[in-house]
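J.: Okay, here's what each chain looks like letter by letter:
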Amino acid sequence: MGTYIVRRLALTVPLLLLVSVIVFGLSQLIQGDPAVVVAGGQQATPAGIERAREEMHLDRSTAAQYGIWLGGAVRGDLGESFYNNRTVAAEIFTRFPVTLSVALGAIFVTIVLGVPMGLIAGVRPGSKIDRIVTFSSSTGLAIPDFWLAMVLVTIFAVNLQWLPAIGYVPFTESPSEWANHLYLPWIAMGIPGAAGLARQVRGALIDAMEQDYIRTARAKGLPSRMVVMKHAFKNASIAPVTVLGISFAYMLGGTVILETIFSLPGMGQYFYTALINKDLPVIQGVVLLTALIFVVLNLLVDVLYAYLNPKVRLG
Amino acid sequence: MTLPTLEGAKRDVATPILEVQGLTVEFGTRLGALRVVEDVSFTVAAGETVGLVGESGSGKSVSSLAVMGLISPRAGRVQADVLRFDGRDLLALDAKEQRAMRGSEMAMIFQEPMTSLNPVFTVGNQIEEAVRVHQRCSRKQARARAVEMLDRVGIADAHRRAKDYPHAFSGGMRQRAMIAMALINEPRLLIADEPTTALDVTIQAQILDLLRTLQRENGMSVVFVTHDLGVIAEIADKVVVMYAGQVVEHTGVEEIFGSPRHPYTEGLLSSMPQLARPGAPLVVIPGQVPNPDAWPVGCRFSPRCVYSEPQCDAAPVAITTVGESQTRCVRVSELTLPGSHWVALEEEAPAVPAAPVGKGSAAAPDALLDVTDLSKAFPIRSGLLRGVVGEVRAVDGVSFSIGKGETLGLVGESGSGKSTVARLVLRLVEPTAGCVMLDGAEVTALDAAGLRAVRSQMQIVFQDPYSSLDPRATIADTVGEPLEVHRGLRGGDRDAAVAELLERVGLSAELVRRYPHEFSGGQRQRIAIARALALEPSLLVLDEPVSSLDVSTQSQVINLLMELQAHFGLSYLFIAHDLSVVRHIADRIAVMYLGRIVEQGKSEEVYLRPTHPYTAALLSAIPVPSPQIGRRRERMVLEGDVPSPLDPPAGCRFHPRCAFAMDICAVRDPEPYVTETGTVVACHLHTEGPMLSGRPVTVLESKVGKQ
Amino acid sequence: MSFEMEPAIAADQITDEAFAIETGVGTIVEDPWRRVRRRFVHNKAAMAGLVIITLLLLVAVFAPLIAPYDPTATNVGPINAGPSAQHPLGTDSIGHDLLSQLVYAARASLSVAFIVVILASLAALPLGLTSGYFGRWIGGGIDWLMSALFTFPPLTLALAVAALLGPSLINSAIAVAIVFVPGIVRLIRSQVLAVREETFIEASRSIGVGSPRMIRKHVFPNTISPFIVQAALLMGYAIGAEAGLSFLGLGIQPPKVSWGSMLQNGYSTINETQWPLIPPVIAILLAILSFNLIGDGLRDALGRESFRVNE
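Going line by line, the protein sequences match chains G, A and C. Going by the working numbering, the first sequence opens with residue 1, and the numbers climb by one from there. Going by the working numbering, the second sequence opens with residue 1, and the numbers climb by one from there. Going by the working numbering, the third sequence opens with residue 1, and the numbers climb by one from there.
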């Protein structure tokens, strides 16, 4: 298994290189001249624009620009925002805990709702309960999460006034307030996730239940509970675990819409502001970071996958 | 299980362990309830082995699953007049009681050892689970029992192997593990559903031996489900022959082979290649097994029966009992059917002396295909950079030739490299070394264009008729493809040529617009043969063309191949694992073991007087379709599995499993030796010391064989 | 949760394949496409989805005939009104007629979905086929590129591309299409890799069939079923993604409307009235749900045999 992990690690180097090219490539998409923006927009003087152009190395070749940008990124220097002097890295550093808080709770909701739903549907495909689960998970996937967020805010914050509508309190300040502010985002984000996971678990379980070894287990006289929970479930957990890891990685990238609706000062909100302003360094910084998070989590998922699958672990 | 029953108290020793009467199984489908098993009755006495024989679709597996209670009530409906196990009514048990009985009092093993074990739990864990679910004992005790049982079924180093996952076990070892799991609670009845079908013959012999030994030790009864009459002759006391969901004959094993009473049983027997004169057409059962939605009203076998009369089709046929035997045939009292006339092979033909004796090779005169020193090594990649760390020498220095109009049979077990040879000859796989000459052209030296041209002269038919036809292409597209690619035939011209080819292989020309899934395995194989014939090749490579077909279909396809050969003067490279099929069709036989040819010679010579110990063992492992002879004869049962081609043994590759191995065998590769009958054998027994010098290994058995 | 009953397929639902596996009897003979059609037509949920999508498409095509008012006209009636005879779906805070908006928004939302799926397929199909068919270097290279694209959360990448290209209907479609490409390529590639192992490919090679013909005649037709399923599901995702982009102002621009931008308008006045949030979300929900039902129905109808090529 050691070789397997080292090999997986080694393969991430060329992957990250290509990722960096794509992220840098975003700068080639931008419409209009960023130097004008930096130099003050409509009030920019030709001299000011020229200075900005040099500062941003826009006078150099594209390849050189990439080299300079990559050199900085490797050292953790993602540049500065076009609009204020804060470095992108520092801003991300202060905002990441917010996004992490949202994602942890959301993934918890996803698992707690999704796994049992998938299980009860998967053990009896075609039954009434299966049809209910399948239909509600389809609906859960179809509802835009931001709409769900708006409804939750309207009901629980505006009408019932049980929970605060917006804002964020750090965990270190007050754990209970932290949670109070996050319940609604967790649910809004967790429900679509749970719907997706339930479908995954259901499909994987049905697949596993059709395998020959299930017949062997039944021929042994195992109770159905053990046939499902031991023999089918461990095999069926492999695919959903992969999907779960990926969706957690995506959540950690920050959910633009939810953080905007709930006014959570996380990465998503930061990203949104940058998008509206075409603040290129921030956009690149956030996109690069989310890709990094994905790569790391995907690595962990692969290790877990190898652990669940003895053929990979020992092969 | 505390079901106190009056019946149980009263029963005496003669009470059968399993009684089945009027068993019917229905499945719900869109066509409504479909009966796949109807009115099946048989009994199994204590300590007895009952063979359940039939082709695919006969309902034999469904019947055994029904007895085991493994047909879930939501998928199928099981009904029976009597379904009693050890005096208890199985149909009256609730789910919990049934479960308590499964795996403890009656157990089952299945056909697919590769998929029947759960890949994510260790073998030991899965066996000890069977103990713990039925007996009160600690995990440690259960583990100890599991290890002990693994040891009993012949897993070496059982303590350590119990901690392995199934993927580390070979097919034969997995089937042993399955047997350990099934027998660990000492059941009174074991249902074995084609337990050896997926295994090589030498491994099959091991497993059958093991089952017999364990049965004797435990005194259990066995229901043995199989399609192979040879296996039945070896293991069964009584036989139940099934056809299209019904029992057609139920009688003792001697009667089945000696005096079959149902025409279907007779048909099955006479279509076995072992029982036919080599080279003569096989007796065939015409047509194919009908699907359950198309069963005839009257006798279900009647449309395929040579003895059929109008009265047979009038009404459902009831089973008639004569003495100990039961037969479902209208004409049972009128017909006298010939039985199996299998005789010991050695008594058949005298040896024919031929070529000069000594070292050399066996090249056919007037060779069409000449293969010299053909080798293929597949690289093994591993580690960080997926570097090449070694190689599997799948084929290692193979030489043979095939004359015009001749058939060479290439025989070997899985892992012998025989299928790789097929692909190397056609250059579907690039050889690492060696030379292939076809009709004077050096195939191995051709460029892409030359290769395409030469491909029209040699064609291949593959084993699996299901995956060798594109499911999204019509028959016209499939069979017509070579004509399109090589001759540019289009539209009507192409279809006319396709129609002609289809008729040539015995299919109706009207089928050209159909898709492959509408055809049975045998028909698909005919289509594949038609495709191979389209360009009028001179050589056909046949890679196990009949091994996935039912017995009755197999003989039809073999006859077709022999007829085509006679008509077109084709040469065949016929690859198979079944020596009796090869002996029937081939002029000469080459036997492969671990990438090498160990023996090559005239079919009758190799088959009757094998000179290599491996050939002898292979022959001896083939079940004999005669209960008297089969159980009397001495058998050479090979120990262990074929070694991994990754790390083949030094010297003679067969020596670790060879009963006659000498010191030199572990050190030096044997040189080919030509016997006086022209057989080329690579074995030190002939060259080192005076032991064989060209005589068959059977001579040795009486002298050194008892080790 | 009770596991006491044996888990199994209900008797009336047993499929031909399950039957064949259970009994060892060959599948009951039927033309493959007829079987697909029969199974799909008998799937009530999938047919409901098909009917709804057809209705939505008709609404989009005949929007000018259906819409009672000009969707861009303001103050066509009272503001923030609920449903009434004049305004069946009410009005918003500046007096747009919501029914007219919804009908015209169907045009934008559905056409974005179609554009996205067509664009993504045009790019992904050739990539997937080549990467699956041509071994180590070409295939590995394309796979490498796709792995890199996979590392970005879909919405994040789509937002970045849409924002940098400048917000518009077509740019948001391009952005979403880019995000869909790696998924389709991976699907096709894995399918091709499986098909490539089939004996019928080897059989055609032994006849001397070259790569272009092989891909066209044998590989592509055997990868198409899962692709069709995926395309139907992606239609649904595309509608959701467009809604998200437009909600954030990075999609369609006023005065044009899509369902997503209607939600954005509704959100901006959420403290005055919640009513305008209802019609567009129902439209989105119906459209996505219907595409998902069609996709699921197609998957069941095409059957597992289409995914594994051969049993």
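Hints in this document: simulated from the structure, not taken from any laboratory. Small disclaimer: the values here were computed from a predicted structure and weren't measured. Check each hint, because a few of them may be wrong.
[To be verified] When the alpha-carbon atoms are kept at most 20 Å apart in a straight line, the in silico SDA-like pairs for lysine to any residue are as follows:
#1 G:Lys311 / A:Ile380
#2 C:Lys217 / A:Thr474
#3 C:Lys44 / G:Ala306
#4 G:Lys311 / A:Tyr466
#5 C:Lys217 / A:Arg514
[Said to hold, decoys possible] Covered by chain C, according to a simulated footprint, are these stretches of chain G (three or more residues, beta-carbon under 8 Å):
#6 34-41
#7 179-186
#8 270-278
No residue lacks a Cβ here, since even glycine has one placed at the ideal position from N, Cα and C.
J.: All hints are to be evaluated individually against the structure, with a verdict given for each.
T.: Quick rundown of the hints versus the structure:
1. G:Lys311 / A:Ile380: holds, 17 Å
2. C:Lys217 / A:Thr474: holds, 11 Å
3. C:Lys44 / G:Ala306: violated, 40 Å
4. G:Lys311 / A:Tyr466: violated, 28 Å
5. C:Lys217 / A:Arg514: The given pair, whose Cα atoms are some 17 Å apart, holds under the 20 Å limit.
6. 34-41: Three-residue rule not met by the region 34-41 of chain G, so violated; n is 0.
7. 179-186: violated (count 0)
8. 270-278: holds (count 5)
When held up to the earlier numbered hints, the structure conflicts with 3, 4, 6, 7 and fits the remainder.
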